[in-house]
Amino acid sequence: MTEHTPPPERPLPEEARARIRADLLAHAHEHRSTAPRWLVPAGAAAAVALVAGLSYWAISTSGSEPDGLPVTGGGRSSATPTPTPTPARDPLPSNEGTATPTPPGPDGTVEVGTRSCEEELEFVLDGAQPAGQVDETATFYVKGDRFALCDKLGSRTTVHQPLPLTPRIKDVSTYDVSSVLDGKKMVRVAGGIVPEGSFAYDVEYTFPDGHTERAKKVSDAEGRTWWYMAYSYADPGGNETEQPEIEVTVSLSGAQYTYPLAWGVDTCAQANHGC
Amino acid sequence: MAIDRDERELVDGLHGDDPGALAALFDRYGDRIYNHCFRHLADWAEAEDATSSVFLEVWRHRHRVQLHDGSALPWLYGVATNVCRNLGRSRRRYLRAVASLPEPAAEPDHAERVTDRLGSQARMRAVLDQVEALPAREREVLGLVAWAGLSYDQAAAALDVPVGTIRSRLSRARARLTDLTEEKHA
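Protein sequences, first through last, are from chains E and L. Residue 35 in this note's numbering sits at position 35 of the first sequence, and the numbers go up by one each step. Residue 54 in this note's numbering sits at position 54 of the second sequence, and the numbers go up by one each step.
Be careful, since some hints might not be right.
[Stated by the list, open to error] Heads up, incomplete: computed chain L residues facing chain E, CB under 8 Å, no partners named:
hint : residue
1    : 19
2    : 20
3    : 23
4    : 24
5    : 55
6    : 56
7    : 123
8    : 131
9    : 147
Simulated from the structure, these hints should not be mistaken for laboratory data. Given the structure is predicted, the values throughout are model-derived calculations rather than measurements. Glycine residues also receive a C-beta, built at the ideal position from the N, C-alpha and C atoms.
Please work from the sequences and hints to get the whole structure.
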């Protein structure tokens with residue numbers, strides 16, 4: 001049967017793992033139910049009642065789920081038709097479809113981005129330890145060969161996508177910014193580690209309003225140097241992608257590299273909440 | 001990086017719209033689903049995309065996630081089997097469509113990792129060619145039990161069929177493969 005034996009298993013490549021994980025988190029945050037779950041079928045039933053005028057029928061069937069579709073109301077549907085392994089006529093779990101809302105558990109009531117950095121790191125870089133503290137609002141956390149920046153600007157706790165401790169200085173993702181809209185202010189934050197042995201390493205960001213913000217540097221007890229940039233400006237509103245791109249200029253040992261940040265791709269570095 | 005979190009909690013988290021639970025499930029089972037998809041597709045890059053699709057589907061159907069003997073893995077394998085089966089169909093259609101085109105010249109690449117990657121893909125394609133003669137249902141059981149290491153109970157939960165069906169399908173698959181091998185060597 002050796003000719004029917006597949007090759008040995010292998011782990012997901014780290015880059016793919018990080019990318020998929022970030023995509024999943026972003027998608028899940030974007031497509032989570034905004035209303036309590038018990039309201040979703042009730043709302044759907046009310047809409048049916050309004051259109052059809054069958055209020056009595058609608059109220060009596062408000063907990064039902066047509067044709068095995070999920071009750072999530074999750075926005076876009078996937079392009080891949082993928083039935084679930086459960087039968088289409090599978091009844092809803094016993095706690096679904098009831099008229100009485102189930103009180104959310106203690107975990108379910110927590111809104112992401114409102115907790116401490118340590119708590120918000122749980123699903124991003126669990127167990128990471130504080131390494132370089134920029135100030136009372138921003139700290140770099142390290143676990144193994146990766147780090148994650150956490151800041152508490154813009155009225156939220158924002159954990160950035162973990163990056164390798166050995167920086168890829170010519171990879172634009174090294175300079176991705178997080179974006180948090182705080183009232184009418186847009187808060188952009190980025191940070192990273194200064195490559196060991198580098199001379200004259202500087203990172204500057206030029207924003208759509210023309211302002212250039214230079215990253216500041218802090219050292220930690222391990223002898224590492226971190227760079228950190230935070231800037232907030234009045235959000236002009238409208239379609240962000242029509243604004244001039246944020247531009248990063250990296251100076252390293254006398255050479256300069258400039259990277260435009262693609263809207264949405266390089267401007268959504270947060271890992272624990274949506275953009 | 002597996003997060004040590006009770007699976008019941010993970011499923012409760014999914015039922016409660018917690019994106020962290022999805023991430024934790026991915027951390028825990030991403031590698032297994034990746035390899036399961038590879039065994040359907042014989043292409044590591046496509047297996048990455050398929051893995052992503054599987055977990056997006058999990059989120060889409062998060063309120064339906066079920067535990068089997070305290071594990072969400074069988075349910076997850078069920079979703080993965082469906083996703084990869086569909087991707088495999090699309091891919092076969094595509095390959096048939098381009099089959100008449102002249103083959104591109106092989107690009108030399110001396111990186112050991114790439115060679116290894118291509119080697120394992122070629123090997124998996126050869127395995128899939130061998131089992132191609134089996135009905136899809138038997139191939140799926142073979143993939144779950146013989147390749148992914150699921151128990152009969154877990155495979156039954158994944159495919160939503162009785163355990164006896166798993167036993168008989170696997171038995172038929174083995175018999176057919178033995179016949180095929182003998183025919184080939186005769």
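Right, here's what the structure says about each hint:
no. : hint : in the structure
1   : 19   : 3 Å, holds
2   : 20   : 4 Å, holds
3   : 23   : 5 Å, holds
4   : 24   : 6 Å, holds
5   : 55   : 5 Å, holds
6   : 56   : 6 Å, holds
7   : 123  : 5 Å, holds
8   : 131  : 6 Å, holds
9   : 147  : 6 Å, holds
Every hint, counting from the list given before, is met by this structure.
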